[in-house]
Amino acid sequence: MTDETPLVKIRGIKLEGRSDETWNPIINGVDLTLARGEVLGLIGESGAGKSTLGLAAMGYTRDGVRISDGTVEFDGIDLLTASAATKRDLLGKRIAYVAQSAAASFNPAHKLMDQHVEGPVQHGVNDRGSSEEDGIELYRKLRLPNPDEIGFRYPHQVSGGQLQRAMTAMAMSCRPDLIIFDEPTTALDVTTQIEVLASIRDIVEQYNTAAIYITHDLAVVAQMADRIKVLLKGDEVETADTRTMLSAPTQEYTKSLWAVRSFERPKKPGVSTGAVPVVSVQNVDAAYGKVPVLFDVSFDMHSGRTVAVVGESGSGKSTTARCITGLLPPTAGQIMLDGEVLPADYRKRSKDQLRQVQMIYQMADTALNPRMSIGQIIARPVQFYLGLTGAAKRKRVDALLEQIELEPSEYYNRLPSELSGGQKQRIGIARALAAEPKFIICDEVTSALDQLVAEGILRLLARLQDDLSLSYMFITHDLATVRAIADEVVVMKDGRVIEQGDKEEMFRPPHHAYTDLLLSSVPEMDPDWLTNLLTERGVDNIGDAAVDKM
Amino acid sequence: MILWIIAALVGMGALAWGFRFAGQAATGNAPKFRDMPYGVAYGYVLGAVVLLWLIWAYMQGRSSDPAIANKFFFLRIAIEGFIIFAIAAWLFRLLGCAVGTAWSRKMFRSMPLTASFGILTILIYAILAIFAPAFAPYGQEQIIPGVAANIVPGGDVALGGNPEFPLGTDQIGRDIMSRLIYGAQNTVGIAFATTLLAFLLGGTFGFLAATLGGWLDQILSRLVDVLMAIPSLIFALLLMTIASVWAPQLGIPLTVFMVVIIAVIDSTRVFRLARAVGQNIVVMDYIEAAKLRGEGLGYLVFKEILPNATAPLLAEFGLRFCFVFLTIAALSFLGVGIQPPLADWGTMVRDLGGFVNYAQFAPLAATAPLLAAGAIALLTVAVNFVVDWMLHKSSGLKE
Numbered sequence: 006m007t008d009e010t011p012l013v014k015i016r017g018i019k020l021e022g023r024s025d026e027t028w029n030p031i032i033n034g035v036d037l038t039l040a041r042g043e044v045l046g047l048i049g050e051s052g053a054g055k056s057t058l059g060l061a062a063m064g065y066t067r068d069g070v071r072i073s074d075g076t077v078e079f080d081g082i083d084l085l086t087a088s089a090a091t092k093r094d095l096l097g098k099r100i101a102y103v104a105q106s107a108a109a110s111f112n113p114a115h116k117l118m119d120q121h122v123e124g125p126v127q128h129g130v131n132d133r134g135s136s137e138e139d140g141i142e143l144y145r146k147l148r149l150p151n152p153d154e155i156g157f158r159y160p161h162q163v164s165g166g167q168l169q170r171a172m173t174a175m176a177m178s179c180r181p182d183l184i185i186f187d188e189p190t191t192a193l194d195v196t197t198q199i200e201v202l203a204s205i206r207d208i209v210e211q212y213n214t215a216a217i218y219i220t221h222d223l224a225v226v227a228q229m230a231d232r233i234k235v236l237l238k239g240d241e242v243e244t245a246d247t248r249t250m251l252s253a254p255t256q257e258y259t260k261s262l263w264a265v266r267s268f269e270r271p272k273k274p275g276v277s278t279g280a281v282p283v284v285s286v287q288n289v290d291a292a293y294g295k296v297p298v299l300f301d302v303s304f305d306m307h308s309g310r311t312v313a314v315v316g317e318s319g320s321g322k323s324t325t326a327r328c329i330t331g332l333l334p335p336t337a338g339q340i341m342l343d344g345e346v347l348p349a350d351y352r353k354r355s356k357d358q359l360r361q362v363q364m365i366y367q368m369a370d371t372a373l374n375p376r377m378s379i380g381q382i383i384a385r386p387v388q389f390y391l392g393l394t395g396a397a398k399r400k401r402v403d404a405l406l407e408q409i410e411l412e413p414s415e416y417y418n419r420l421p422s423e424l425s426g427g428q429k430q431r432i433g434i435a436r437a438l439a440a441e442p443k444f445i446i447c448d449e450v451t452s453a454l455d456q457l458v459a460e461g462i463l464r465l466l467a468r469l470q471d472d473l474s475l476s477y478m479f480i481t482h483d484l485a486t487v488r489a490i491a492d493e494v495v496v497m498k499d500g501r502v503i504e505q506g507d508k509e510e511m512f513r514p515p516h517h518a519y520t521d522l523l524l525s526s527v528p529e530m531d532p533d534w535l536t537n538l539l540t541e542r543g544v545d546n547i548g549d550a551a552v553d554k555m
Numbered sequence: 010m011i012l013w014i015i016a017a018l019v020g021m022g023a024l025a026w027g028f029r030f031a032g033q034a035a036t037g038n039a040p041k042f043r044d045m046p047y048g049v050a051y052g053y054v055l056g057a058v059v060l061l062w063l064i065w066a067y068m069q070g071r072s073s074d075p076a077i078a079n080k081f082f083f084l085r086i087a088i089e090g091f092i093i094f095a096i097a098a099w100l101f102r103l104l105g106c107a108v109g110t111a112w113s114r115k116m117f118r119s120m121p122l123t124a125s126f127g128i129l130t131i132l133i134y135a136i137l138a139i140f141a142p143a144f145a146p147y148g149q150e151q152i153i154p155g156v157a158a159n160i161v162p163g164g165d166v167a168l169g170g171n172p173e174f175p176l177g178t179d180q181i182g183r184d185i186m187s188r189l190i191y192g193a194q195n196t197v198g199i200a201f202a203t204t205l206l207a208f209l210l211g212g213t214f215g216f217l218a219a220t221l222g223g224w225l226d227q228i229l230s231r232l233v234d235v236l237m238a239i240p241s242l243i244f245a246l247l248l249m250t251i252a253s254v255w256a257p258q259l260g261i262p263l264t265v266f267m268v269v270i271i272a273v274i275d276s277t278r279v280f281r282l283a284r285a286v287g288q289n290i291v292v293m294d295y296i297e298a299a300k301l302r303g304e305g306l307g308y309l310v311f312k313e314i315l316p317n318a319t320a321p322l323l324a325e326f327g328l329r330f331c332f333v334f335l336t337i338a339a340l341s342f343l344g345v346g347i348q349p350p351l352a353d354w355g356t357m358v359r360d361l362g363g364f365v366n367y368a369q370f371a372p373l374a375a376t377a378p379l380l381a382a383g384a385i386a387l388l389t390v391a392v393n394f395v396v397d398w399m400l401h402k403s404s405g406l407k408e
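Same order as they appear, the protein sequences are chains A and B. Note that our numbering has the first sequence beginning at 6, numbered continuously upward. Note that our numbering has the second sequence beginning at 10, numbered continuously upward.
These are calculated hints, taken from the structure and not from any lab test. Just so you know, not all the hints are guaranteed correct.
[What the hints assert, rightly or not] Quick list of simulated restraints, FRET-style, between CB atoms:
no., chain 1, residue 1, chain 2, residue 2, range
1, A, D507, B, L232, 56 to 62 Å
2, A, H161, B, W13, 53 to 59 Å
3, B, G109, A, R93, 44 to 50 Å
4, A, P375, B, A135, 27 to 33 Å
5, B, T319, A, D119, 42 to 48 Å
[Said to hold, decoys possible] Some, not all, of what chain B presents toward chain A, calculated at C-beta under 8 Å:
no., residue
6, R43
7, D44
8, S119
9, M293
10, D294
11, Y295
12, A298
13, R302
14, G303
15, E313
16, P316
17, N317
By construction, the Cβ of each residue, glycine as well, lies at the ideal position given by its N, Cα and C atoms.
Just chain A, same shape as in the assembly:
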């Protein structure tokens, strides 16, 4: 790092967003300084204004957002008063942006290479031929498979992790001074994420590019950033060196963020032999049309216990849940409830059988009818299954709202859109509880939530389990969640159960090779974790590359 002028200098920036005819503050006066070649991590909950601030560093705002005060300087150029021509020249050439969802950001109608060369050719950095060569070089450096050919594929022909790396290559194509990464790995599996992280870190170091890395995952930012800035509701909480920040955070809020990962339930006594499992999946095969997706899946779930089903996307976790609920009748095998065989199709199940198996969904936004009030949503199963009406129904709904720690009088008449993400998820839980079930399937219930909120949901689920002796099937790809809540773990891959057993057993070596890979791919809060892992295993033995070798 040199003592010259900083690359990015933001002073006292204020941003406002328009909603309901008024301008509401999003960022209230934040300073940001970034030196050349430095990587700054921006973390905070959703709604903290991370992305808005990241975009403001490019002198850009989304529709309905305006900069009301402050200055943004890039390499001495004032971006807020610069002419459109000056900005056009800077953006893409000296400042680049990598979006969260590469799949949504690439134009599906053009090949990767055609999109890659657009920037350099447009800005006159390179002609088409040499930018293509450079693109192949970048693909190689980012360790994409078949770097010579992958550029001539269409976006849908490569995987999500590869697409994210191709997008990083595209951002690199003009050798910018600054790249803004907006949650580039949030949508990826752990094994894919680790590859993308390693590639991004490598290439940023190699070309001495400065970067702003926006994420809500602390462990990820610990690997990537030199410095970390914590945001809370548009205000800066604190900024410090990564190591200082991790070892000695000064603010209460930062400490609470760090402490999230400490939640862990006490170990429960083992299941007594001969106990009838609440739900038992027995030798289930399933197929979508003619494509088989599940092969001989069997596991048991006992009363008052949580079974975590882990695996990457496409491993058959959610399909198993669909078989249990009866949405997808298995082609072979059966599902038992309390020792009785459940009809394969949910339409053939009795009302009581349907009541016993409830589900909580990943996306609370799509799981709650946006046109029904909270009261109506929870009251429906109460009335439908238990036949309560009038005052009795209202009383039961109030009791349920209290159970999920929401004040009944305040929330009863609200619509789902008036609730935060965590509150919506609580309503989803209350709706499941309203049926008074024995068994609840939780399908990635915390993966769309911020860590603090997710922890609250996990604690609530744990408390409810103790109070009502519910049994959970917990589908997740996040091993920190598994560690927090599970009693037993089932690892799935390609539609098969790879390994299953007690949580302690599963987290203790020796593991099955795949379980080992999964466990080792989960980022830890240690800033040296990625470096150590890479030296330990070598770049070719991490992530998807390692999965493919199995």
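Fit chain B to the given chain A structure using the hints.
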């Protein structure tokens, strides 16, 4: 002539450049002028020139020499109408902001002028249609004794008008204003009933197809494809011709046939929309949750799907209403729709259509058929403005 046009374009080109330069100099190079592309500057100049021409033409229209004034008569009326409607819409919105509940006041504040114009127009039409007998000075089929036919609108005796009949009389001496007001009742009322029926049919089958899928969806969708493959106006005309033979035999009014025929033809479009919207909703997790709860089809369609489909369906209702309305007017114009002596705007345009030929030297006489045509156009524009605004609101777009 061509040379003149080229000269004007070149002159405007120079003006545009000068405009941008002057703007930069006057505002001290503010971003608005600094970053202004040449095309935008040209657009400003072009807009100014068109505005100047309109003002000049309007002054010509008010000229005391009838030969000149007649040439610009309709333009004058259009400009005056535009300004009057704009002021009325603005006043209406002002009124809406001042009275009513907090919710309605907020709605009026965020409403564009076009939407408030649309709502005002629709309100006026609705009141006229519902209380037609109270507003109309004469009956719709009443031939007033002793009154000449073809009295020119405007009420100016010197030009062949009669102050007692401000909008004139038609070819057999009926009061045009009364017939216009009753026409609102007949045409708009029947169009409303038809649209409702079309939505009942199309919406029900569309949601059923979306929810149940499978062979029912296939049969209904292919049936709709077949119906949509036939040009709708010609199809309606064909069926109406058949119906006009059946109607007297069965003793059912022809209007009932018309409502059913147009409703069935238009319900195909509603079906496609309802099915598409329904399919997007059916894949939501809350529908899955309701299915797993064991809910029946009725609950799914009416409690879970329908409330989430109201916004696009309402917007479609407004649009479909316009089309139905135009189809009825077209059928009446062709002679198979609403039958005389009932007043109907389409028939009125047909009956008085010949007067349009006098537009050049006697614009007032040519106004007679345009009154009914204008009533149709005004309502169509108004409904579309309201629909646009509702779509914009439901899409959640900001600015």
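Now the hints, each set against the structure:
1. The hinted window of 56 to 62 Å between D507 (chain A) and L232 (chain B) holds, with their beta carbons roughly 59 Å apart.
2. Between H161 (chain A) and W13 (chain B) the C-beta distance comes to about 56 Å, which sits within the given range of 53 to 59 Å.
3. The beta-carbon spacing between G109 (chain B) and R93 (chain A), approximately 48 Å, falls within the hinted interval of 44 to 50 Å.
4. For the hinted restraint 27 to 33 Å between P375 (chain A) and A135 (chain B), the CB-CB distance of approximately 31 Å keeps it satisfied.
5. Remark: the range hint 42 to 48 Å for T319 (chain B) to D119 (chain A) is upheld by a beta-carbon distance near 43 Å.
6. Checking R43 (chain B) against chain A: minimum C-beta separation of about 6 Å stays under 8 Å; hint holds.
7. Taken as an interface hint, D44 (chain B) checks out: its beta carbon lies about 4 Å from the nearest beta carbon of chain A, inside 8 Å.
8. Taken as an interface hint, S119 (chain B) checks out: its beta carbon lies about 6 Å from the nearest beta carbon of chain A, inside 8 Å.
9. Look at M293 (chain B): its Cβ gets to within about 5 Å of chain A, closer than 8 Å, so that hint holds up.
10. For the restraint placing D294 (chain B) at the interface with chain A, the shortest Cβ-Cβ distance is roughly 4 Å, inside the 8 Å limit, so the hint holds.
11. At a threshold of 8 Å, the smallest CB-CB gap from Y295 (chain B) to chain A is about 5 Å, leaving the interface hint in force.
12. Hint status for A298 (chain B) relative to chain A: holds, with the closest Cβ pair at about 6 Å, below 8 Å.
13. The restraint placing R302 (chain B) at the interface with chain A holds, with a minimum CB-CB distance near 6 Å, inside the 8 Å limit.
14. Taken as an interface hint, G303 (chain B) checks out: its beta carbon lies about 5 Å from the nearest beta carbon of chain A, inside 8 Å.
15. With a cut of 8 Å, the hint placing E313 (chain B) at the interface with chain A holds, because the nearest CB-to-CB distance is about 6 Å.
16. Because the beta carbon of P316 (chain B) sits about 4 Å from the nearest beta carbon in chain A, less than 8 Å, this interface hint is met.
17. Hint status for N317 (chain B): holds, given a least beta-carbon distance of 6 Å to chain A, under 8 Å.
Of the numbered hints given earlier, the model fails none.
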